[in-house]
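Take a look at the letters that make up each chain.
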Amino acid sequence: MTARDEDFRKNVRELTQLDREFPERLRNIPDPPDIIYVRGPLPEDDVPSAAIIGARDASPYGLDIARSIGKTLAMRGVNVISGMAAGIDAAGQWGAVQGGGRTCAVFGCGLDICYPVSNFNLYEEILNSGGSIVSEYPLGSPPLGWHFSKRNRIISGLADVVLVIEAKERSGTSITVGNALDQGKQVFALPGRITDRLSQGCNRLIREGACILTGVEDVLESLHLSREVEQLDFSRDLSSLGEDERAVYEILPDQAVHVDALIAKSLLPFQKLSEILLSLEILGFCESPKSGYYRKK
Amino acid sequence: MDGYLVSVQVDESFGLPRSLIVGNVSASVREALDRCAVALKNGGMALPPRRLTINLQPADIRKDGTWFDLPILTGMLKAMGMAADFPLSDYGFFGEVGLDGQIRHVRGTLSLVACMKEAGYVGAVVPEEDVQEALVVEGMDIIGIKDVGELLDLLKSENAFRTFPRPSPERQEKSEKYDYDFSEVRGQEYAVRAAMIAAAGNHDILLSGTAGSGKTMIAKRIPGIIPPLSREDDIEITKIYSVAGMLPKGSALYGRRPFRAPHHTITTAALLGGSSQGGIMPGELALAHKGVLFLDELPLFSRASIEALRQPLEDRKVLINRLQGSFSYPAECMLVAAMNPCPCGYYPDRNRCKCTPWQIRAYQRGISRPILERIDLCVEVSPPEFRDAVEARPSLSSAKIRERVIQARKRQASRFEKEADVRVNGRMGIREIEKFCPLSENELDFMKKIYTLKGLSMRTYHKILKVARTIADLEESENISIRHLSEAVSYRSLEDRLYLEEGADGIGGQRNDRKR
Numbered sequence: 001m002t003a004r005d006e007d008f009r010k011n012v013r014e015l016t017q018l019d020r021e022f023p024e025r026l027r028n029i030p031d032p033p034d035i036i037y038v039r040g041p042l043p044e045d046d047v048p049s050a051a052i053i054g055a056r057d058a059s060p061y062g063l064d065i066a067r068s069i070g071k072t073l074a075m076r077g078v079n080v081i082s083g084m085a086a087g088i089d090a091a092g093q094w095g096a097v098q099g100g101g102r103t104c105a106v107f108g109c110g111l112d113i114c115y116p117v118s119n120f121n122l123y124e125e126i127l128n129s130g131g132s133i134v135s136e137y138p139l140g141s142p143p144l145g146w147h148f149s150k151r152n153r154i155i156s157g158l159a160d161v162v163l164v165i166e167a168k169e170r171s172g173t174s175i176t177v178g179n180a181l182d183q184g185k186q187v188f189a190l191p192g193r194i195t196d197r198l199s200q201g202c203n204r205l206i207r208e209g210a211c212i213l214t215g216v217e218d219v220l221e222s223l224h225l226s227r228e229v230e231q232l233d234f235s236r237d238l239s240s241l242g243e244d245e246r247a248v249y250e251i252l253p254d255q256a257v258h259v260d261a262l263i264a265k266s267l268l269p270f271q272k273l274s275e276i277l278l279s280l281e282i283l284g285f286c287e288s289p290k291s292g293y294y295r296k297k
Numbered sequence: 298m299d300g301y302l303v304s305v306q307v308d309e310s311f312g313l314p315r316s317l318i319v320g321n322v323s324a325s326v327r328e329a330l331d332r333c334a335v336a337l338k339n340g341g342m343a344l345p346p347r348r349l350t351i352n353l354q355p356a357d358i359r360k361d362g363t364w365f366d367l368p369i370l371t372g373m374l375k376a377m378g379m380a381a382d383f384p385l386s387d388y389g390f391f392g393e394v395g396l397d398g399q400i401r402h403v404r405g406t407l408s409l410v411a412c413m414k415e416a417g418y419v420g421a422v423v424p425e426e427d428v429q430e431a432l433v434v435e436g437m438d439i440i441g442i443k444d445v446g447e448l449l450d451l452l453k454s455e456n457a458f459r460t461f462p463r464p465s466p467e468r469q470e471k472s473e474k475y476d477y478d479f480s481e482v483r484g485q486e487y488a489v490r491a492a493m494i495a496a497a498g499n500h501d502i503l504l505s506g507t508a509g510s511g512k513t514m515i516a517k518r519i520p521g522i523i524p525p526l527s528r529e530d531d532i533e534i535t536k537i538y539s540v541a542g543m544l545p546k547g548s549a550l551y552g553r554r555p556f557r558a559p560h561h562t563i564t565t566a567a568l569l570g571g572s573s574q575g576g577i578m579p580g581e582l583a584l585a586h587k588g589v590l591f592l593d594e595l596p597l598f599s600r601a602s603i604e605a606l607r608q609p610l611e612d613r614k615v616l617i618n619r620l621q622g623s624f625s626y627p628a629e630c631m632l633v634a635a636m637n638p639c640p641c642g643y644y645p646d647r648n649r650c651k652c653t654p655w656q657i658r659a660y661q662r663g664i665s666r667p668i669l670e671r672i673d674l675c676v677e678v679s680p681p682e683f684r685d686a687v688e689a690r691p692s693l694s695s696a697k698i699r700e701r702v703i704q705a706r707k708r709q710a711s712r713f714e715k716e717a718d719v720r721v722n723g724r725m726g727i728r729e730i731e732k733f734c735p736l737s738e739n740e741l742d743f744m745k746k747i748y749t750l751k752g753l754s755m756r757t758y759h760k761i762l763k764v765a766r767t768i769a770d771l772e773e774s775e776n777i778s779i780r781h782l783s784e785a786v787s788y789r790s791l792e793d794r795l796y797l798e799e800g801a802d803g804i805g806g807q808r809n810d811r812k813r
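Residue numbers (our numbering), protein chains in the order written: chain A, 1 to 297; chain B, 298 to 813.
By construction, these hints were calculated from the structure, which means they are not laboratory data.
Honestly, I wouldn't trust all of these hints.
Short derived list, chain A residues pointing at chain B, Cβ under 8 Å [said to hold, decoys possible]:
hint	residue
1	Asp196
2	Gln200
3	Asp260
4	Ile282
5	Leu283
6	Lys290
7	Gly292
Quick reminder that beta carbons are idealized off the backbone N, C-alpha and C, glycines included.
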């Protein structure tokens, strides 16, 4: 065992239901874990919490939504719970970290294993930003398939509401939703086009009675928080912008589009458009998630 | 790529009637003797029963190929007194002889005739098929012959040699012809504009986009917007194609900028050139000289072959070392690469793309970083769905784009007049960038903002300056302004993104945003 492992081990707490620190929410679910391993401060029992879950191979739209909801919830002091899987989970938690909030990741393996490896940055950011990681499996447990379907009950258990951003017809997400319903938690699902595979799971949930997620206000309301979302995202002060900049800002969509679409819409040559877009970017009105694509910020 | 002179010595002596060829020759040269003998017989002449010894000098270089048939035949005729005795020492000969006496086409005519001229020869006797190519070398007295009969006529007497009809060069078409035009491209203004900038500054460019978005379409049209070839450049291209045996029969000059698009399964040897029967063959890289080397599906090329491109692209020549010696080909091409976002080509359209994030990452990581670092412009081509939906406007025609490119190149030529080996913006090194891309206070401030906003690396920063210089040249502006810089920033390299992205899900990039 290296010094680093030793250090890691020292920081991991083992909690049973007899411990005072054991989350109240977890005591009350059917089939609560006998023991949980925790690093970092657990979500407090009296602070509202929301789980953001969904597909691993999500669409850019889903990722955007997960991130922005995670961010807004974190800014409003809501604990964001998720499984730190690729896709929606990670996007929601990145959003929470960016919003300066605390987020809790529930693992399907030992806490010393970062799965998937591609989320290593997130893993570190969660701990650095005062969040926590939780698992019912001892250190060194490998990420086995059945671990994940079991840990899902802890995700929904730690949350007051569960938000499903994108899910296919059959997916691991439906297990979490099933757990949430057994535990009596409220479930929100993000509606989508009926032809999108990634929205079929969500749309089915809505048909079966899940709350429809039309904005982060819906979630805040159900958590008994005031609906007022920071006005930033909606009406921004455009007075600092020039005429051209304002015109371009007006046609910028919320979802990233290729610059060819903007050329066609604005009828400006690219030389001019690129200058405007970049100055919008500098002023914080626009962002470019990948080269050639732009969206409102 | 340049030839060397071989002198053929023929000796006739008493002894057993047999012929012998010496001088470190390969099997195909040894066969020349039999071909010549049979060709003579079929021409109605028999070799006298004497002993013939033929030596090819210099005897220490390995000789291969069929160029030597005609000089051997000529030597035999001379030695046996079947041809008049007059000095021919300032004329060169080459060509392949068939059993029926036909003199056939050989590879590398242009190089050989040029080499003869350099050595002080006044003329050359060549196969008739290769006459036009040989005539490209100015000031050489070229004689084309069709068969052994004509050779005999030619060698009948000194007078016959003088009066033998000489061919005249065919008129060359002035303008280069290309099969494709940019006016056929619709709704791709961003990518077309980037292609124009790339051509104007000779920048390497990477087109990325979903399957069917038109990457290949744009790449194919790039040779048509690079300024027209000079005669010297055309000769250089023709030499390479002639040596490779890829020049269309009977043509003089290649006459346009080449476009080479090797498949991604290509071997390193085929890309760079390697030995094959008859010598060292130029590879795809040399064949793209002065033109465009298009690497479609860049991540799928084998790492070895891509890495092997690095040195030649830097030095602008390929050096091939083999047991037989070192061979060098010029290789000064524009690199155009294309890639899909994922193995199936549809990411991020999750309804069609079924690749796992892991697969996507592995695919994108397949690009060699050193090659990516050479590429100044990275362009995301817009997806085809969008273009169907809007009334797409056709882009500028190739001729119009080319005019602007030529203007921009003129500005560069006058700017780099005093520089040793930089002629275009794309070749500027850090020293030249500092000298020729000065920024004023305002622009520097702007770049500082961008530097932190985008998290640029120093290398990307330099690329932006280079590309901004070209954009300014296109707009006929002396100074680089904020507008030029903004546009250059939008073509900033994907490299930082590709390698920082944690998972193909596009989340990891945000880590940087936070740290800033």
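Hints, verified against the model:
1. Asp196: 6 Å, holds
2. Gln200: This hint is violated: Gln200/A lies away from chain B, its Cβ roughly 11 Å from the closest one there, beyond 8 Å.
3. Asp260: 4 Å, holds
4. Ile282: The hint holds - Ile282/A has a Cβ within 8 Å of chain B, the shortest such distance being about 5 Å.
5. Leu283: 10 Å, violated
6. Lys290: The hint holds - Lys290/A has a Cβ within 8 Å of chain B, the shortest such distance being about 6 Å.
7. Gly292: With Cβ-Cβ at 3 Å, under 8 Å, it holds.
In the structure shown, a violation is registered for the earlier hints numbered 2, 5, in ascending order.
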